[in-house]
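Participant: All chains should be built: construct the whole structure from the sequences, respecting the hints.
4 protein chains.
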Amino acid sequence: MKNILLDQIDSKEEEYVRKKICSMCRNFYRLGWVSGTGGGISIRRNQIVFMAPSGVQKEKIQPKDIFILDLEGNILKYPENQALKLTECAPLFFSAYELRDAGAVLHSHSSNVVLLTFLANKKHSNYDFIYEYHFTRLEMLKGIQGHGYLDTFVLPIIENTPKECDLTESLRIAIQEYPKSPAVAVKDHGIYVWGKNEDHAKTQAECIDYICEIEVKKRMIGL
Amino acid sequence: MKNILLDQIDSKEEEYVRKKICSMCRNFYRLGWVSGTGGGISIRRNQIVFMAPSGVQKEKIQPKDIFILDLEGNILKYPENQALKLTECAPLFFSAYELRDAGAVLHSHSSNVVLLTFLANKKHSNYDFIYEYHFTRLEMLKGIQGHGYLDTFVLPIIENTPKECDLTESLRIAIQEYPKSPAVAVKDHGIYVWGKNEDHAKTQAECIDYICEIEVKKRMIGL
Amino acid sequence: MKNILLDQIDSKEEEYVRKKICSMCRNFYRLGWVSGTGGGISIRRNQIVFMAPSGVQKEKIQPKDIFILDLEGNILKYPENQALKLTECAPLFFSAYELRDAGAVLHSHSSNVVLLTFLANKKHSNYDFIYEYHFTRLEMLKGIQGHGYLDTFVLPIIENTPKECDLTESLRIAIQEYPKSPAVAVKDHGIYVWGKNEDHAKTQAECIDYICEIEVKKRMIGL
Amino acid sequence: MKNILLDQIDSKEEEYVRKKICSMCRNFYRLGWVSGTGGGISIRRNQIVFMAPSGVQKEKIQPKDIFILDLEGNILKYPENQALKLTECAPLFFSAYELRDAGAVLHSHSSNVVLLTFLANKKHSNYDFIYEYHFTRLEMLKGIQGHGYLDTFVLPIIENTPKECDLTESLRIAIQEYPKSPAVAVKDHGIYVWGKNEDHAKTQAECIDYICEIEVKKRMIGL
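These protein sequence lines are chains A, B, C and D, in that order. The numbering used here puts the first residue of the first sequence at 5, with every later residue one more than the last. The numbering used here puts the first residue of the second sequence at 5, with every later residue one more than the last. The numbering used here puts the first residue of the third sequence at 5, with every later residue one more than the last. The numbering used here puts the first residue of the fourth sequence at 5, with every later residue one more than the last.
Treat the hints as calculated values from the structure; they're not laboratory data. Be aware that a few hints might be false.
One copy or two, either will do: identical chains are not told apart, so a pair holds if it fits within one copy or between any two.
Restricting the straight-line Cα-Cα distance to at most 20 angstroms, the calculated cross-link-like pairs of lysine to any residue (SDA-like) are [claimed, not checked]:
1. Lys126 with Glu136
2. Lys191 with Glu17
3. Lys200 with Ala87
4. Lys64 with Arg34
5. Lys191 with Arg141
6. Lys167 with Gln149
7. Lys127 with Asp11
8. Lys89 with Asn130
9. Lys127 with Gly59
10. Lys126 with Val60
11. Lys127 with Glu92
12. Lys126 with Lys167
13. Lys24 with Lys64
14. Lys126 with Lys184
15. Lys16 with Lys184
16. Lys191 with Ile218
17. Lys184 with Asn31
18. Lys167 with Arg141
19. Lys89 with Gly36
20. Lys222 with Leu154
21. Lys68 with Asp155
22. Lys184 with His138
23. Lys200 with Val60
24. Lys184 with Gly150
25. Lys184 with Pro166
26. Lys64 with His138
27. Lys191 with Gly152
28. Lys167 with Thr156
Facilitator: Structure, rendered in structure tokens:
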């Protein structure tokens with residue numbers, strides 16, 4: 005079973021994805037999205053999922069440190085270093101793969117997003133663990149799939165939980181309740197963002213981070 | 005016709021400009037001016053115009069990804085990768101080439117500029133889609149062509165539109181109404197800045213970005 | 005005596021640690037933690053302690069500039085450049101080695117932390133030179149050893165002194181009074197952070213810096 | 005005459021200083037101190053003065069772009085590129101060489117410093133073009149020559165002038181009136197900082213920039 009799936013990806017492509025995760029992590033560290041050991045990246049190729057390890061400095065990970073899984077979450081290939089652990093975010097990443105057919109999922113602890121989550125007070129009418137922040141009239145909204153300058157982009161923000169895996173249920177509900185959003189933020193925590201592939205996920209994440217920065221700084225200048 | 009124009013530029017110079025656009029994009033990414041897929045750069049050599057492609061990560065573009073056009077906007081050379089698209093900003097870039105004889109035009113989504121556009125409330129007396137922000141008594145004004153420390157630099161700010169190409173008309177009016185400004189900002193969006201050549205455009209853009217940062221932070225400290 | 009201790013570490017490992025201190029210093033400079041000649045790093049291997057020199061630009065130090073000491077603070081190896089001086093922080097670093105069995109200690113002048121020290125007004129009930137700042141409900145608390153999202157992380161903040169070595173007594177008291185904190189901040193000054201090893205100390209430091217940034221920016225937006 | 009002075013410096017040392025100016029400029033660009041074409045650096049070796057050219061992007065200058073002058077301001081060696089111009093700051097740099105026996109002088113347009121100049125309202129009792137900002141109780145004051153944690157560092161801030169060379173007279177007065185300050189700030193403009201040599205000047209500049217940042221951000225959080 006494992007061999008069949010791994011045959012889907014040639015060794016050159018596997019190496020490409022492994023290196024891509026590492027270079028994206030270095031960039032996200034520079035952006036302040038994955039300081040400490042926070043944040044994470046997962047990339048999918050067909051039914052093969054690549055995932056950065058947990059609890060380590062993200063800017064330091066090497067191609068050989070990546071987990072490879074199938075879409076049920078079974079580990080097909082372990083990192084060389086057996087001390088490395090799969091992230092608790094795994095079920096969250098898989099939710100975006102399953103419910104949105106995502107090609108990549110990013111998890112950032114960006115301070116811009118976390119500060120934005122403090123500003124949301126509107127709640128979903130049926131689910132009181134979901135807050136909303138409404139963005140409109142920003143050019144960068146065009147960078148968020150399906151949105152234009154005059155549209156309102158509604159970012160769902162779910163309550164945080166002590167254990168990251170316990171976010172799964174509410175994340176799945178938010179994904180389903182907000183089909184137009186390529187992201188779910190988590191209060192006091194960060195954001196999960198996905199896209200058709202890793203480049204698309206990155207540009208979605210950058211656009212959302214940017215509009216959060218704008219809203220937060222608007223507050224700082226009293227607007 | 006096309007060949008005649010392309011003969012104007014030797015292959016070494018063409019390669020130089022292609023690489024220059026790429027290195028400037030990497031720098032602007034680092035500055036936060038072109039996150040997501042936003043922003044753009046165009047450089048002119050005589051009647052030949054080079055333009056970065058649209059809808060892609062600007063820090064990743066390669067010399068072979070650049071469009072080459074004539075001054076009427078006809079594409080003389082396509083990028084190797086046929087999936088790349090010409091930017092919707094093209095008519096905006098051409099406005100600065102035509103009306104100001106610019107040698108390069110930059111388009112940035114800098115958060116400093118966008119926040120500044122929120123602070124402008126003075127309107128042009130005849131055109132209600134043009135706002136103004138008046139800067140004075142800042143040394144960096146000297147870096148903006150034709151201005152000194154005690155001068156007032158009036159930055160025109162036009163209303164944004166859902167489609168970027170629809171900015172063309174109001175941008176052209178602003179360019180003509182504000183002959184002393186090497187830039188037109190766009191509310192909720194960013195800025196177009198030009199100069200005699202790419203280095204001059206960059207220094208104009210940096211000076212304007214800096215004075216916007218100062219004005220925005222002055223508000224943050226309650227001045 | 006000296007030779008016996010130095011035999012504990014092979015030359016390859018010694019070279020590794022020397023280089024690691026230099027690369028960490030370059031990173032901390034980029035983060036703004038060690039501008040001027042501020043801040044410092046010390047790494048321990050068994051009974052051998054490596055320490056960056058004092059009063060120099062931290063981003064410029066070279067492997068040959070590192071001091072090696074035993075746990076009593078005796079210098080076992082001097083830097084090649086005899087003008088280099090041991091840091092006044094040495095007794096502070098040794099306090100974390102002795103009282104917490106730390107494997108590495110970092111000292112940062114991060115502006116996020118210094119601004120946070122201005123916000124603390126709660127005092128220790130018995131020691132009036134110790135202030136406290138209480139953090140809770142932030143995901144990044146999970147990155148601080150022994151803490152979870154709903155826990156309260158109490159950061160002790162001691163009064164600063166004109167001479168750095170005079171901090172030793174109050175630092176030692178704070179270390180003992182706050183056994184759950186991997187760090188002691190110093191008002192108007194910065195922070196000492198330690199961990200099991202240099203990577204752990206760095207991730208502790210980044211998590212604490214991040215939560216300080218969040219608290220400071222919350223104030224900037226009026227929350 | 006020129007040859008005699010140039011003989012003071014061997015070609016290896018000359019090359020070192022030329023490269024040092026370039027690498028410092030790149031670092032200062034990254035710090036935001038010399039955006040646009042602002043700011044500058046000058047280094048002295050005995051009676052030989054090296055100076056970055058004016059009106060160019062500082063992060064792009066090359067070793068061959070540097071001017072070499074004697075202490076009277078006579079140019080001993082021009083840059084290869086004859087279009088490069090000597091900076092209008094030259095008389096300002098020479099003031100620090102003459103009055104303080106400085107080994108290097110830096111000129112930065114840092115936004116932290118410019119914002120700080122807006123906060124100064126105390127004036128010199130005899131010279132109404134000199135403002136003062138008083139800093140105290142910050143550890144980083146120790147990095148400013150002759151100051152300790154509990155000392156008050158008085159930064160003189162002079163009024164800006166339309167022409168940079170017209171600053172010379174008031175800068176010289178400020179240098180003489182504030183013998184304990186290794187820097188004079190200029191309102192709406194930036195700062196001149198000097199030191200025994202280029203490294204010392206840089207650490208002085210970083211410490212002052214840092215304490216300005218702290219004071220400005222204190223205001224942003226309402227302290």
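Participant: Looking at the structure, which of the earlier hints fail to hold?
Facilitator: 2, 7, 8, 9, 10, 11, 12, 15, 17, 19, 21, 26
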